[in-house]
Amino acid sequence: MLSHLRRWVLGPLVTLVAASFVLYTAVWLQPGNPLTLILGTRASPAQYRYMAHKLGLDRPMPVRYWDWLTNALHGNFGTSLVYKQSVTSLIGPRIVTTFLLVGYASVIILVIGVALGIIGGMSPRAAPVIAGLNGLGVAIPGFVAAEMLTAVFAVKLGWFPVLGTGQGLAGRLQHLTLPAFALAIASIAYVSQITRAAVSTEEQSPHVETARGRGLSGPRILRRHVLRNAAMPILTVSALTMASLLAGTLVVEYAFGLGGIGSLLDQSVQDKDSNVVLAIGLILVLVFVITTTALDFLQYLTDPRLRLRATAKWH
Amino acid sequence: MALTARLPRAPALLRAEEPLVKADMVAVAAGCICIALLTVAIFAPLIAPYQPDTINAAAINQGPSAAHLLGTDSLGRDVLSRALYGARLSLLGPALVTILSTTFGTAIAIAGTWVGGAFDRLAARFMDILFAFPGLLFAVLAVVAFGAGLIAPVIALSVAYTPYIARVIRAAAVHERQLPYLETCQLLGYSSWRTAVYHLVRNVRLLIVAQATLAFGYSLLDLAGLSFIGLGVQPPSAEWGLMVSEGDSALLNGYPYESLAAGAAIVITVVAFNVLGERLTARSQSRQ
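Protein sequences appear in the order of chains A and B. According to my numbering, the first sequence is numbered sequentially starting from 4. According to my numbering, the second sequence is numbered sequentially starting from 2.
Since the hints were derived computationally from the structure, they do not count as laboratory data. Incorrect hints may appear among the rest.
What the hints assert, rightly or not - Which chain B residues face chain A? A few, computed with CB under 10 Å, are given here:
| id | residue |
| --- | --- |
| 1 | ASP25 |
| 2 | ALA59 |
| 3 | PHE105 |
| 4 | PHE120 |
| 5 | ASP121 |
| 6 | ALA124 |
| 7 | ARG126 |
| 8 | LEU142 |
| 9 | GLY218 |
| 10 | LEU227 |
| 11 | LEU232 |
| 12 | LEU252 |
| 13 | ILE269 |
| 14 | VAL271 |
| 15 | ALA283 |
Glycine residues also receive a C-beta, built at the ideal position from the N, C-alpha and C atoms.
Using the sequences and the accompanying hints, generate a full structural model.
Here it is, written out as structure tokens:
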């Protein structure tokens, strides 16, 4: 019990606190005075001191970190220096766009990635083609995919809008289609690779041979015997991939001019808008840690033999 | 004649060496592309038809022609020359990340298996914290702390990639640790340093090279992505990620050549390094 608590509660918590400290340190190291942004360059030293005291910038770093962390735990991320509004109200509407984008991309990844993987795993003739496509796909970064999809489907064919977020659910989905595919391409290839390997391993296993010997139909063997056993590695990899998609939105939202938290993070880094950087950074890390922990827990529940820990992959 | 014909084939155990000798054509091709890319990067001034930063107001956003094989960009600069020169910065960053992360990762993995105990546990905890950061976010944080450019993201990615390399090398090192040759080394009275560095590292060297090759491809993707969103290499430098971004406005007007050329350069490079890395990993694992 104690070791379980350590593995799924305490361990991730310690990781999160340490990660939040790394986040805060990076922002604290940032050169330049944030007060110049508020006061301009013509304010007197006394005004600077007053403002620094008012915002608590004159206190030692660990104290400021602790204040920030406790406030953040209460959902208060402070005020944006650039937009002059609370970070929470700034992120609120944008996070919907980002989650919609990530959700859309996840559906694409699961449907196309698993389908391609199954075809590659079942048919020896299709296998080398799919393997080649996978090898190419994992090497296509989101921003290259974004430019290529724009060139073909938005500029040449005019099927989709070039930029923006769109109105209403249908409009939003139409605006998000190209970004979602751009975000998904590398992950489709990765999920398809893992699926192909898992399916072809199961295909050759004795229990599938037996099922075939019993005269069961192909689709039934696939559903009841192959996919059931191949499901775990496929789901593991898919979930890890989806967790890393959130970081990928940083590039894809920029490419399509989407107003989500990815492009907001990029803009805030350039504007040195610390509170926004901290909040979005924390969200990204939080989602990442929660996903990997939940996955680890689920694996343990469904298959106690699996003592392997779920950790992130490269991308 | 008849005698040799009747000789039995070598037993399976001896023939197991065969696939190691046979050349893997795909890996050789990938390796050749990698070497060609590095050559282009080094000899860019000799190969490129123009200077990468020569602005020509009379030839803006042109399509491919005899004078400019890949056309010109929004400032009239030759796209082919910029792509060739771009190989320098685009490959320098990943090369540095690869060297640093492979060195740290291997050192931590070998030291962890050798010393064990508290050091190993501390290293594992440290890795867990790093695993919580997507590599790209870690690089963005470094840009926050130390400013945009090549140096900060390179150092950040080196740190971010270290645990991935350490994890693989550590697994191999733990396996090697039980093998008799290391015990023999110790019985022969070799120092721990000599045994660990000279014998252990030497036996997992193929895996180390394989992991380094994979790290090169992945870090290229991250660094190019950072340049694309304006946090990496800054204009007017020639770099592939930056070129994809700079070609964006021309692309919307129907001239996708700059983005296409730079994007293709990125994809080809990453495919070549990935394929080579995966073949090397497979080969080093079949050896064990």
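Do the hints match the structure? See the list:
{"no.": "1", "hint": "ASP25", "verdict": "14 Å, violated"}
{"no.": "2", "hint": "ALA59", "verdict": "25 Å, violated"}
{"no.": "3", "hint": "PHE105", "verdict": "16 Å, violated"}
{"no.": "4", "hint": "PHE120", "verdict": "18 Å, violated"}
{"no.": "5", "hint": "ASP121", "verdict": "15 Å, violated"}
{"no.": "6", "hint": "ALA124", "verdict": "14 Å, violated"}
{"no.": "7", "hint": "ARG126", "verdict": "8 Å, holds"}
{"no.": "8", "hint": "LEU142", "verdict": "4 Å, holds"}
{"no.": "9", "hint": "GLY218", "verdict": "7 Å, holds"}
{"no.": "10", "hint": "LEU227", "verdict": "8 Å, holds"}
{"no.": "11", "hint": "LEU232", "verdict": "6 Å, holds"}
{"no.": "12", "hint": "LEU252", "verdict": "5 Å, holds"}
{"no.": "13", "hint": "ILE269", "verdict": "8 Å, holds"}
{"no.": "14", "hint": "VAL271", "verdict": "4 Å, holds"}
{"no.": "15", "hint": "ALA283", "verdict": "12 Å, violated"}
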